[in-house]
Amino acid sequence: MKMKIGLEVHVQLTRAGTKLFCGCDSDYRVYATNENVCPVCLGLPGALPVPSKKAVILALAAAMIFNCRIPDAIVFTRKHYFYPDLPKNYQITQYEKAGGAPVCLGGEFEYLDPDTWEWRKVRIRRLNLEEDPGRSVYPEGSIVTSRHVLVDYNRSGVPLLEIVTEPDIPSPRAARAFVEYLLLSLEYIGAVNPRLEGAFRVDANISLEGGERVEIKNIGSTYEVEKALLYEYKRQKLLLENGGQVKRETRHWDAVRRVTKPLRHKEEEEEYLYMPDPDLPPVLTRPLISEAKERLVTLPRHVFEWMTSKGVSREVAWSIVQVQHAAQLYKEALTSGTDPRLLARFIGVDYKGALKDLQKDVHDPGNWPEPAVFRKLVEYVQTGAYPLEAITGIVIPKLAVNPQVNLESILPEKASNVEEVIRIVIKENRKAVNDYLSGRRKALDYLVGQVIRKVGKKAIDPRTVRELLIKILTGERERRERNS
Amino acid sequence: MTTIYQQLQTGDYDPVEAFEKAWERITRHEKTVNAFITIDDYNKLRVKAEEASKRIRSGEPRLLEGVLVAVKDNISTSWLPTTAGSRMLSCYQPPYNAYVVERLLEAGAIIVGKTNMDEFAMGSTGEFSAFGPTRNPWDLERVPGGSSSGSGAALAYRAVDLALGSDTGGSIRLPGAYTATVGLKPTYGAVSRRGLIPYANSLEQIGPMARSVIDTALLYKVISGYDPLDATSIKGPGIELERLQPADPSKLKICVIKEVLEASQKQVVAAFTRVIEKLEANGADVNYVSLKSQRYVLPTYYIIAMAEAASNLARYDGGIYNCGSLKMPTWEEQNIRVRSMLFGREVKRRIAMGVFVLSEGYRDEYYVLATRVRRMVRDEVLGLTRDCIIASPTSPVQPPRLGERISDPLSLYALDLATVTANLAGVPALQLPIATTSEGPVGIQLMARPWGEEDLFNTGLLIEEITGLRGVYAL
Chain A
342 MKMKIGLEVH
352 VQLTRAGTKL
362 FCGCDSDYRV
372 YATNENVCPV
382 CLGLPGALPV
392 PSKKAVILAL
402 AAAMIFNCRI
412 PDAIVFTRKH
422 YFYPDLPKNY
432 QITQYEKAGG
442 APVCLGGEFE
452 YLDPDTWEWR
462 KVRIRRLNLE
472 EDPGRSVYPE
482 GSIVTSRHVL
492 VDYNRSGVPL
502 LEIVTEPDIP
512 SPRAARAFVE
522 YLLLSLEYIG
532 AVNPRLEGAF
542 RVDANISLEG
552 GERVEIKNIG
562 STYEVEKALL
572 YEYKRQKLLL
582 ENGGQVKRET
592 RHWDAVRRVT
602 KPLRHKEEEE
612 EYLYMPDPDL
622 PPVLTRPLIS
632 EAKERLVTLP
642 RHVFEWMTSK
652 GVSREVAWSI
662 VQVQHAAQLY
672 KEALTSGTDP
682 RLLARFIGVD
692 YKGALKDLQK
702 DVHDPGNWPE
712 PAVFRKLVEY
722 VQTGAYPLEA
732 ITGIVIPKLA
742 VNPQVNLESI
752 LPEKASNVEE
762 VIRIVIKENR
772 KAVNDYLSGR
782 RKALDYLVGQ
792 VIRKVGKKAI
802 DPRTVRELLI
812 KILTGERERR
822 ERNS
Chain B
858 MTTIYQQLQT
868 GDYDPVEAFE
878 KAWERITRHE
888 KTVNAFITID
898 DYNKLRVKAE
908 EASKRIRSGE
918 PRLLEGVLVA
928 VKDNISTSWL
938 PTTAGSRMLS
948 CYQPPYNAYV
958 VERLLEAGAI
968 IVGKTNMDEF
978 AMGSTGEFSA
988 FGPTRNPWDL
998 ERVPGGSSSG
1008 SGAALAYRAV
1018 DLALGSDTGG
1028 SIRLPGAYTA
1038 TVGLKPTYGA
1048 VSRRGLIPYA
1058 NSLEQIGPMA
1068 RSVIDTALLY
1078 KVISGYDPLD
1088 ATSIKGPGIE
1098 LERLQPADPS
1108 KLKICVIKEV
1118 LEASQKQVVA
1128 AFTRVIEKLE
1138 ANGADVNYVS
1148 LKSQRYVLPT
1158 YYIIAMAEAA
1168 SNLARYDGGI
1178 YNCGSLKMPT
1188 WEEQNIRVRS
1198 MLFGREVKRR
1208 IAMGVFVLSE
1218 GYRDEYYVLA
1228 TRVRRMVRDE
1238 VLGLTRDCII
1248 ASPTSPVQPP
1258 RLGERISDPL
1268 SLYALDLATV
1278 TANLAGVPAL
1288 QLPIATTSEG
1298 PVGIQLMARP
1308 WGEEDLFNTG
1318 LLIEEITGLR
1328 GVYAL
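Residue numbers (our numbering), protein chains in the order written: chain A, 342 to 825; chain B, 858 to 1332.
Think of the hints as simulated: they come from the structure by calculation, not from any bench. Values in this document were obtained by computation on a predicted structure and should not be read as measured data. Using N, Cα and C, we set each Cβ at its ideal position, and we do this for glycine too. Be aware that one or more of the hints could be misleading.
Under the rule of at most 20 Å between Cα atoms (straight-line distance), these lysine to any residue pairs were calculated in the SDA-like manner [as the list claims (entries may be wrong)]:
#1 739/A to 808/A
#2 395/A to 1086/B
#3 1184/B to 477/A
#4 394/A to 1086/B
#5 438/A to 1216/B
#6 1092/B to 391/A
#7 568/A to 512/A
#8 438/A to 1228/B
#9 1078/B to 863/B
#10 578/A to 550/A
Listed next, with one range per pair, are the computed distances between beta-carbon atoms [said to hold, decoys possible]:
#11 438/A to 1189/B: 26 to 32 Å
#12 1193/B to 438/A: 25 to 31 Å
#13 881/B to 612/A: 51 to 57 Å
#14 1323/B to 446/A: 55 to 61 Å
#15 596/A to 1221/B: 41 to 47 Å
#16 1194/B to 460/A: 52 to 58 Å
#17 1091/B to 598/A: 53 to 59 Å
#18 1193/B to 595/A: 27 to 33 Å
Looking at chain A on its own, in the form it has when it is part of the complex:
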């Protein structure tokens, strides 16, 4: 059944440095409760908002990613609703219809679908820069039942970018790909660290042919975006196939029980009393455009297409592009003599894989060596100084443990020596070789042990020895089979 999906993504500009209208920290997570606050973000009487230039520039850079029409001046709007976590009982946002002017008056965005390697187009309806509310905790249940509400205003006033798409997304999986690529793009322009807890939230609209639009609120991860939409797709499909009707409603994604639940009926537009904020004169965009443009120099798509043009496979290129630091490393390590594919493999497959094995954060630049180290590794293989297996099997895993280590100190015995030793061991242990070839696998462990003993204390990876042994012995077996 055909479906239409539209998304509303709220992304915190965690790297804006300050909150949107005051000097408090944009990354509130490290603070004790209600420590990252001031009169402005507490909405105290007489405190005045002053727009953060950096947040506006980041929002403009985002608008440029989306090929938006950008107005000459942006105008902030007050949106009124009473809520415990909203200290002024209005949110400063942008709303075109009430005299406001958002940073984007409509645009278009292409995201990569890694299932098909297609670039898919989504129309962007609008982009708002607004303040995040505080966080409420209801110690005795819900807003209706609880006698108390505890509010932490550390988050209050953090710059939030609201990105609203047209219903152009064809499937739950594509929705996930969109959000992932969107976050990656915003990370590349220095706007957000999407891995911080609560750095983004997604509301999703989905409608099936013959049904009304249903909104799913408050989805917290890209994985959940796919799951929630898939659930909702199946629920609506079943309903329609059984002659039922899908009514227009708002539902909530219960991530624990993995179902959507009705939240409230959206019968009429709510009354928000929109009004341009009289404390905030229009912000002229022209003087900020060039600074915003500087942030667009490197976007994921540029890096991806540049890499694939050098012959790097799409899978490996995508693996690198997904980690901004890895992409940066790749660009710095690649010189005219370096094999681009080998370099990409070392960075995007072997090293990244080794970090994951060690459960280290692939996004932490401190977990990566200098670009010259990778260049050297490629050179070793290209000149034949070491076989590929020695680098991927021995050097890279060790490097991942300590990326700042001196490369010389972890290089193994020259591969030619190891192979010589292996041939000697094979010659000296015919019985074990025969046992192995006739199917007794344990004999291999014995042979590995013999090789390591002969090599001595020199650092060598048993896995490499094992692989080399298997390779040589397999050759041996094939020769015997041909002969018989």
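The hints should help you fit chain B onto chain A, whose structure is shown.
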């Protein structure tokens, strides 16, 4: 009558003596007049006065060393409660100082206390204070004008030398007119609003009040200036006190607004005309002009002010501003209870009307239309003030008697007929006394082009010479 400015210049100002005399008047009259909501402790103030005297003796006085200043109670002070005249904020003491308060303290001023006012500055008579009405020292049966009622009254009975008010639609100038004091509504953006509890942000300014033009200019010099933490603050030309002098009447062009004159009481028109005729006799070029948008200024002003008020006052819920006395089972019930109980009648009226004019389906007809008419008014005023000082009576009537107007909102709002224009247009406006009669004082209002404060002060100095009403006081 010597001004505070002259006394400071000649070294005749003795802070301890000034404070003791002022304190004696406060002790004698404050109970009747009710100009203050909070007065700071005698001993603390006395110590500050002594320190100021020492500084003067050691030859290092600052611009307002030891000068006694009253601050309207909607301007934040970190050491004194700031109530905005409302029960809603009766327990509120801000954690920070308003920009203008910082400037006063830096200049060596002594802040005596926080003055009474109409709740959240919504009122023209001072009667809508949750802390009781202020009485007019010139006639205790009459109102002192509002909403900066306490600042006007405190100056009139010499409880202080200078005072800060705020002016959203005439709230400095009406009390000025009714208490025979001087007050300036500055150019929009000239004085930082940081720390001013907002009523209608796009209209209001904090401004200086005093008993003479030069003292008003002195206080203006201290509080004006660019504040990067107020996004509506503007870098202006500033003002040189030494340069101020009575305007040369032969170079003065005055435009009198016919519509305001026609709507004013006989006695008011008489006093006003006497001054204008003297100016003309001295060589001023006097023109009687029509302000075509005059008939729209009141509705335009009240629609915009109420819309902004409804928005600004949304923050006062049961959360942090109630004194802990009202506890309801749910947050929503608590909100309703707190807002019903702790806001006064006029405030609730304006919130209700503000919500109405912003509502879906009405916004275009009321709020959006009003912002358009506002631009029309502004353009007309900017055109007139390009080469003319606009003059009119400040209030169409003399101070009403207590209780005379509060039950009829429309007759109350009509008091602002002449004053709201300057707020809609963002231009500066100066009020100064021109007569004191048995029916109470009468004031003149002068409006100039944006940043025309110097012209206003110079014209004011000239009028002071004509009327002789410099430094007058009651009681």
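Cross-check of the supplied hints:
1. A hinted pair counts as satisfied when its Cα atoms are at most 20 Å apart, and residue 739/A with residue 808/A qualifies at roughly 18 Å.
2. Annotation: proposed proximity of residue 395/A to residue 1086/B holds, straight-line Cα distance about 16 Å (limit 20 Å).
3. Taken as a hint, the residue 1184/B and residue 477/A pair is honoured in the structure, with Cα atoms around 19 Å apart against an allowance of 20 Å.
4. For the suggested pair residue 394/A and residue 1086/B, the alpha carbons sit about 13 Å apart, so the restraint of at most 20 Å is met.
5. For a cut-off of 20 Å, the pair hint linking residue 438/A to residue 1216/B stands: about 13 Å separates their Cα positions.
6. Straight-line distance between C-alpha atoms of residue 1092/B and residue 391/A comes to about 16 Å, which keeps the hinted pair within the 20 Å bound.
7. Restraint check for residue 568/A and residue 512/A: the C-alpha separation of about 11 Å stays at or below 20 Å, so the hint holds.
8. Taking the CA atoms of residue 438/A and residue 1228/B, the gap is near 15 Å; set against the 20 Å cutoff, the hint holds.
9. Of the supplied pair hints, the one linking residue 1078/B and residue 863/B holds, its CA atoms being roughly 15 Å apart against a limit of 20 Å.
10. Taking the CA atoms of residue 578/A and residue 550/A, the gap is about 9 Å. The hint holds against a cut of 20 Å.
11. Take residue 438/A and residue 1189/B: their Cβ atoms lie about 28 Å apart, and the range 26 to 32 Å holds.
12. Range check, residue 1193/B to residue 438/A: Cβ separation about 29 Å, and the 25 to 31 Å hint holds.
13. At about 55 Å, the CB distance of residue 881/B to residue 612/A agrees with the hint of 51 to 57 Å.
14. A beta carbon spacing of about 57 Å between residue 1323/B and residue 446/A agrees with the range 55 to 61 Å that was offered as a hint.
15. A C-beta distance of roughly 42 Å is found between residue 596/A and residue 1221/B, which places it inside the suggested range of 41 to 47 Å.
16. Checked against the hint of 52 to 58 Å, the C-beta distance between residue 1194/B and residue 460/A comes to roughly 57 Å, which is consistent with it.
17. Our hint of 53 to 59 Å for residue 1091/B and residue 598/A holds, since their Cβ atoms are close to 56 Å apart.
18. Take residue 1193/B and residue 595/A: their Cβ atoms lie about 31 Å apart, and the range 27 to 33 Å holds.
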